[in-house]
Amino acid sequence: MSTTTTSRIEYLPRSRRRTLVAIALAGYPVAVAVLVGLKHASLNRWFVLAVFLLLLLPTLATLTVSYRYARGRMGSDRSCARGRMSGRRVRLDERDLSLRQQAYALSHQVLAVILIAVTAITEIYLTSGNTLRLDATNFWPAAMWVIVYLPALPSLMLAWIETDQPADA
Amino acid sequence: MPDQQRQVHNRLAVLRAERGLSRKQLADELGINYQTIGYIERGDYNPSLELALTIAELFRLPIEAIFSLKPMTPLSEEIFREPPPGTR
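As given, the protein sequences belong to chains A and B, one line each in that order. For the record, in the first sequence the residue sitting at position 69 is 69 according to our numbering, with numbers rising by one throughout. So the number in our numbering is just where the residue sits in the second sequence, counting from 1, plus 1000.
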């Protein structure tokens, strides 16, 4: 990605960043729900796969933008050093560190809310006389969610909480 | 203690302009990112005590001349304000 594009991402207004975060968070569950819905319809499997991938594209795009936005500020010290080398930031100063801490705290809260909600829904579903069979059709979407979102949550939360950059002067 | 942080008002933008410093130059002097200067000037970020003292040291001013919990009056008004009668 060019420096101009990176710079444009860095200066994205908060309202737009929040829209991107919402798309990133909602995109995958929506794509999986559509996939499950289409599976029951007698449609060509390649068509179903194409629709699923098409619905997944905005999520992948918005996740990429969020990663680029947070580059050099989240993650391990080694990845932050890579961000520094690429010129995104000179170093992490006290505001960056405080923001990183807030982003991690918020991502833990979001994760806790999601886990509690999933547990509660599963509990209600099971106590209503239904049975839940754990197989590849429901295990892999859940595993993929964890693989995709768990590392991305802090970057998404950073993009969510940071206020607009001051105009250069 | 209330959750909401109190806003710290400052004269950083005025002092920086007065000395003809860009945000980048001031940030380099302080060893922070230039965006942080913008956030402090806009009141979006309250600097740590260490950073506030470093800024005061850099401008050679007492810390209360740069940062305050109350909205700041223009410097000229403070310099040329008439002293209360009987205090001279």
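Errors might be hidden in some of the hints.
[Claimed, not checked] Calculated cross-link-like contacts (lysine to any residue; reagent style SDA-like; alpha-carbon spacing at most 25 Å):
| id | chain 1 | residue 1 | chain 2 | residue 2 |
| --- | --- | --- | --- | --- |
| 1 | B | Lys1024 | A | Arg91 |
| 2 | B | Lys1070 | B | Leu1051 |
| 3 | B | Lys1024 | B | Glu1041 |
| 4 | B | Lys1024 | A | Arg14 |
| 5 | A | Lys39 | A | Pro166 |
| 6 | B | Lys1024 | A | Leu12 |
| 7 | B | Lys1024 | A | Ile9 |
| 8 | B | Lys1024 | A | Lys39 |
| 9 | B | Lys1024 | A | Ser98 |
| 10 | A | Lys39 | A | Leu126 |
| 11 | B | Lys1024 | B | Ile1063 |
| 12 | B | Lys1070 | A | Leu126 |
| 13 | B | Lys1070 | A | Thr163 |
| 14 | B | Lys1070 | B | Ser1048 |
| 15 | B | Lys1024 | A | Ala143 |
| 16 | B | Lys1070 | A | Thr122 |
| 17 | B | Lys1024 | A | Asp164 |
| 18 | A | Lys39 | A | Ala26 |
| 19 | B | Lys1070 | A | Arg91 |
| 20 | B | Lys1070 | A | Pro166 |
| 21 | B | Lys1024 | A | Ile121 |
| 22 | B | Lys1024 | A | Pro13 |
| 23 | B | Lys1024 | A | Ile161 |
| 24 | B | Lys1024 | B | Glu1078 |
| 25 | B | Lys1070 | B | Asp1028 |
| 26 | B | Lys1024 | A | Leu126 |
| 27 | A | Lys39 | A | Thr122 |
| 28 | B | Lys1024 | B | His1009 |
| 29 | B | Lys1024 | B | Ile1079 |
| 30 | A | Lys39 | A | Ala167 |
| 31 | B | Lys1024 | A | Thr122 |
| 32 | B | Lys1024 | A | Ala26 |
| 33 | B | Lys1070 | B | Gln1007 |
| 34 | B | Lys1024 | A | Gln165 |
| 35 | B | Lys1024 | A | Glu94 |
| 36 | B | Lys1024 | A | Arg8 |
| 37 | B | Lys1024 | A | Glu10 |
In short, the hints are calculated from the structure, not lab data.
The hints, checked one at a time:
1. Between the alpha carbons of B:Lys1024 and A:Arg91 the distance comes to roughly 14 Å, so the proposed pair stays at or under 25 Å and holds.
2. For the given pair, B:Lys1070 sits about 19 Å from B:Leu1051 by alpha-carbon distance, which is consistent with the 25 Å threshold.
3. As the CA atoms of B:Lys1024 and B:Glu1041 are separated by approximately 13 Å, the hinted pair is consistent with the 25 Å bound.
4. At roughly 23 Å between alpha-carbon atoms, B:Lys1024 and A:Arg14 fall within 25 Å of each other, so this suggested pair holds.
5. The suggested pairing of A:Lys39 with A:Pro166 is violated, with an alpha-carbon distance near 49 Å, which exceeds 25 Å.
6. A C-alpha spacing of about 20 Å is found between B:Lys1024 and A:Leu12, which places the hinted pair at or below 25 Å, so the restraint holds.
7. In summary, the hint linking B:Lys1024 to A:Ile9 is supported, as the alpha carbons are separated by about 20 Å, within the 25 Å threshold.
8. As the CA atoms of B:Lys1024 and A:Lys39 are separated by approximately 56 Å, the hinted pair breaks the 25 Å bound.
9. Distance hint between B:Lys1024 and A:Ser98 is fulfilled; the C-alpha atoms sit about 21 Å from each other, no more than 25 Å.
10. Distance restraint check for A:Lys39 and A:Leu126: the Cα-Cα separation of roughly 23 Å lies within the 25 Å cut-off, and the hinted pair is therefore satisfied.
11. Proposed proximity of B:Lys1024 and B:Ile1063 is supported: the alpha carbons are some 21 Å apart, at most 25 Å.
12. Restraint check for B:Lys1070 and A:Leu126: not satisfied, since their Cα atoms lie roughly 57 Å apart, outside the 25 Å limit.
13. For the suggested pair B:Lys1070 and A:Thr163, the alpha carbons sit about 23 Å apart, so the restraint of at most 25 Å is met.
14. Straight-line distance between C-alpha atoms of B:Lys1070 and B:Ser1048 comes to about 18 Å, which keeps the hinted pair within the 25 Å bound.
15. For the suggested pair B:Lys1024 and A:Ala143, the alpha carbons sit about 45 Å apart, so the restraint of at most 25 Å is broken.
16. For a cut-off of 25 Å, the pair hint linking B:Lys1070 to A:Thr122 is broken: about 52 Å separates their Cα positions.
17. Restraint check for B:Lys1024 and A:Asp164: satisfied, since their Cα atoms lie roughly 18 Å apart, inside the 25 Å limit.
18. Among the hinted pairs, A:Lys39 with A:Ala26 is consistent with the structure: their alpha-carbon atoms are about 20 Å apart, no more than 25 Å.
19. Between B:Lys1070 and A:Arg91 the CA atoms are separated by roughly 32 Å; this puts the pair beyond 25 Å, and the hint is violated.
20. For a cut-off of 25 Å, the pair hint linking B:Lys1070 to A:Pro166 stands: about 22 Å separates their Cα positions.
21. Between B:Lys1024 and A:Ile121 the alpha-carbon distance is near 52 Å, which puts this suggested pair outside the 25 Å criterion.
22. Of the supplied pair hints, the one linking B:Lys1024 and A:Pro13 holds, its CA atoms being roughly 21 Å apart against a limit of 25 Å.
23. Between B:Lys1024 and A:Ile161 the alpha-carbon distance is near 24 Å, which keeps this suggested pair within the 25 Å criterion.
24. The hinted pair formed by B:Lys1024 and B:Glu1078 fails the criterion: a straight-line CA distance of about 29 Å is larger than 25 Å.
25. Taking the CA atoms of B:Lys1070 and B:Asp1028, the gap is near 28 Å; set against the 25 Å cutoff, the hint is violated.
26. Distance hint between B:Lys1024 and A:Leu126 is unfulfilled; the C-alpha atoms sit about 59 Å from each other, more than 25 Å.
27. Distance restraint check for A:Lys39 and A:Thr122: the Cα-Cα separation of roughly 22 Å lies within the 25 Å cut-off, and the hinted pair is therefore satisfied.
28. Note on B:Lys1024 and B:His1009: the hinted pairing holds, with a Cα-Cα distance of about 21 Å set against a maximum of 25 Å.
29. With a C-alpha separation of about 29 Å, the suggested pairing of B:Lys1024 with B:Ile1079 is violated against the 25 Å cut-off.
30. A hinted pair counts as satisfied when its Cα atoms are at most 25 Å apart, and A:Lys39 with A:Ala167 does not qualify at roughly 50 Å.
31. With a CA separation close to 53 Å, the supplied pair B:Lys1024 and A:Thr122 exceeds the 25 Å bound.
32. Pair hint B:Lys1024 plus A:Ala26 does not hold up; C-alpha atoms about 39 Å apart against a cutoff of 25 Å.
33. Restraint check: the Cα-Cα separation between B:Lys1070 and B:Gln1007 comes to about 9 Å, which is no more than 25 Å; the hinted pair holds.
34. A threshold of 25 Å between alpha carbons decides the hint, and for B:Lys1024 with A:Gln165 the separation of about 14 Å falls inside it, so the pair holds.
35. For a cut-off of 25 Å, the pair hint linking B:Lys1024 to A:Glu94 stands: about 16 Å separates their Cα positions.
36. Under the criterion of a C-alpha separation no larger than 25 Å, the hint pairing B:Lys1024 with A:Arg8 is consistent with the structure, at around 19 Å.
37. Straight-line distance between C-alpha atoms of B:Lys1024 and A:Glu10 comes to about 17 Å, which keeps the hinted pair within the 25 Å bound.
Checked against the numbered hints above, the structure breaks hints 5, 8, 12, 15, 16, 19, 21, 24, 25, 26, 29, 30, 31, 32 and satisfies the rest.
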